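Asker: Hey, can you work out the whole structure from these sequences and the hints?
With this note's numbering, the residue at position 36 of the sequence shown is 36, and numbering never jumps.
Watch out, some of these pointers could steer you wrong.
Across the chosen pairs, the derived CB separations fall in these ranges [what the hints assert, rightly or not]:
{"#": "1", "residue 1": "ARG71", "residue 2": "GLU223", "range": "36 to 46 Å"}
{"#": "2", "residue 1": "GLN116", "residue 2": "ASP159", "range": "32 to 42 Å"}
{"#": "3", "residue 1": "GLN199", "residue 2": "ARG127", "range": "17 to 27 Å"}
{"#": "4", "residue 1": "ALA21", "residue 2": "GLU217", "range": "36 to 46 Å"}
{"#": "5", "residue 1": "SER126", "residue 2": "GLU235", "range": "20 to 30 Å"}
With a cut-off of at most 35 Å between alpha-carbon atoms, the simulated DSBU-like pairs for lysine-lysine come out as follows [to be verified]:
{"#": "6", "residue 1": "LYS67", "residue 2": "LYS38"}
{"#": "7", "residue 1": "LYS95", "residue 2": "LYS67"}
{"#": "8", "residue 1": "LYS95", "residue 2": "LYS38"}
{"#": "9", "residue 1": "LYS95", "residue 2": "LYS252"}
Please keep in mind that the hints were generated in silico from the structure rather than gathered at the bench.
Only a predicted model underlies this, so the values are computations on that prediction, with no experimental measurement involved.
Yeah, the Cβ is synthetic: ideal placement off N, Cα and C, and Gly gets one too.
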Amino acid sequence: MLNLNRLALLQELHRRGTVVAVADALSFTPSTVSQQLKVLEREVGAPLVERVGRGLQLTREGELLAKRATRIFAEVEGAEAQVAAVGQQARGDVKVAALQTASLALIPRTLVALDQVDPHPRMVVSRIEPHRALNALEAREYDIVLGEEYPGLPVSRRDDVHFAPLVRDPLELVVPLDYEGEGDLRAAAECLPWVMELQGSDARRWSVGLCREQGFEPEVQFESDDLLVQMRLVETGHAIGILPKLLLDSEKPKLRRIRLAEDPARLVFVASRAGASNAPAIRAVLNALADAAHAPGDATESNI
Numbered sequence: 001m002l003n004l005n006r007l008a009l010l011q012e013l014h015r016r017g018t019v020v021a022v023a024d025a026l027s028f029t030p031s032t033v034s035q036q037l038k039v040l041e042r043e044v045g046a047p048l049v050e051r052v053g054r055g056l057q058l059t060r061e062g063e064l065l066a067k068r069a070t071r072i073f074a075e076v077e078g079a080e081a082q083v084a085a086v087g088q089q090a091r092g093d094v095k096v097a098a099l100q101t102a103s104l105a106l107i108p109r110t111l112v113a114l115d116q117v118d119p120h121p122r123m124v125v126s127r128i129e130p131h132r133a134l135n136a137l138e139a140r141e142y143d144i145v146l147g148e149e150y151p152g153l154p155v156s157r158r159d160d161v162h163f164a165p166l167v168r169d170p171l172e173l174v175v176p177l178d179y180e181g182e183g184d185l186r187a188a189a190e191c192l193p194w195v196m197e198l199q200g201s202d203a204r205r206w207s208v209g210l211c212r213e214q215g216f217e218p219e220v221q222f223e224s225d226d227l228l229v230q231m232r233l234v235e236t237g238h239a240i241g242i243l244p245k246l247l248l249d250s251e252k253p254k255l256r257r258i259r260l261a262e263d264p265a266r267l268v269f270v271a272s273r274a275g276a277s278n279a280p281a282i283r284a285v286l287n288a289l290a291d292a293a294h295a296p297g298d299a300t301e302s303n304i
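Answerer: Here you go:
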């Protein structure tokens, strides 16, 4: 009989590439990971890893088992969810990874909505970089991920992950209060430099692409993945930027907001592992997130 904990180590090696990375992610020592993989080989009766240089890589049998592990864990989580649903046991911790704007605008409302459920699960919330969120979800570091998708830059869908739209979040040009120019990108860019997110992010790629569509290259003087920093730079008159309505409505900054002619919007979505989505505790949090997203002033559709 396969040990699921050891199978998870093999899956993590397939996902992360090195024993050291697996050990760091799971708070083990590399020697412990290697020893457990050897035990798994004995359980399976086949070689699963082989030494290449100073590291390990999966054999063909290891690749096959690691890929099958995704379905195995989905079935196990689905079974656990069905059993828990019999007694409607909406208890325990639900680990949520959220982008910054969701943490500011949606998480507090979600907690209020959960307070109306008795018993209710305990949300454990962390901020995570968008580029690693879904991998962390699949690795069971989190139960729910709040992510974002910019126009023309779709997030790759995965068979073992359930995606649902949460909020259509319009993107607005923001300029200092004393800005008296025309209300379009090019005119604003002639007066002040830009603040944008870090290079390589979808937000940065989309913003630069929008400027190029308007026929100019943005002068980016400030870079920050902290949207509150971006907002403050605009408030103090040092930059212009493009920020999501969800953040602006939540923080109510002292700046001028200009709706863009194209009416662009990012999609804030919620993702959970397909096998675990109907576990009572996770379902309670998903429902509370939907309630929070559609509180007065947040009109959108949800398929959670």
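Asker: Taking the hints in turn, state whether each one holds.
Answerer: Verification of the hints:
1. ARG71 <-> GLU223: 36 to 46 Å: holds, 41 Å
2. GLN116 <-> ASP159: 32 to 42 Å: holds, 34 Å
3. GLN199 <-> ARG127: 17 to 27 Å: Holds: the Cβ-Cβ distance is about 20 Å, inside 17 to 27 Å.
4. ALA21 <-> GLU217: 36 to 46 Å: At roughly 38 Å between Cβ atoms, GLU217 and ALA21 fall inside 36 to 46 Å, so the hint holds.
5. SER126 <-> GLU235: 20 to 30 Å: Holds: the Cβ-Cβ distance is about 28 Å, inside 20 to 30 Å.
6. LYS67 <-> LYS38: Roughly 18 Å between the alpha carbons, so the hint for LYS67 and LYS38 holds.
7. LYS95 <-> LYS67: holds, 24 Å
8. LYS95 <-> LYS38: Holds: LYS95 and LYS38 sit about 31 Å apart, inside 35 Å.
9. LYS95 <-> LYS252: holds, 29 Å
Violated hints: none; the structure is consistent with every hint.
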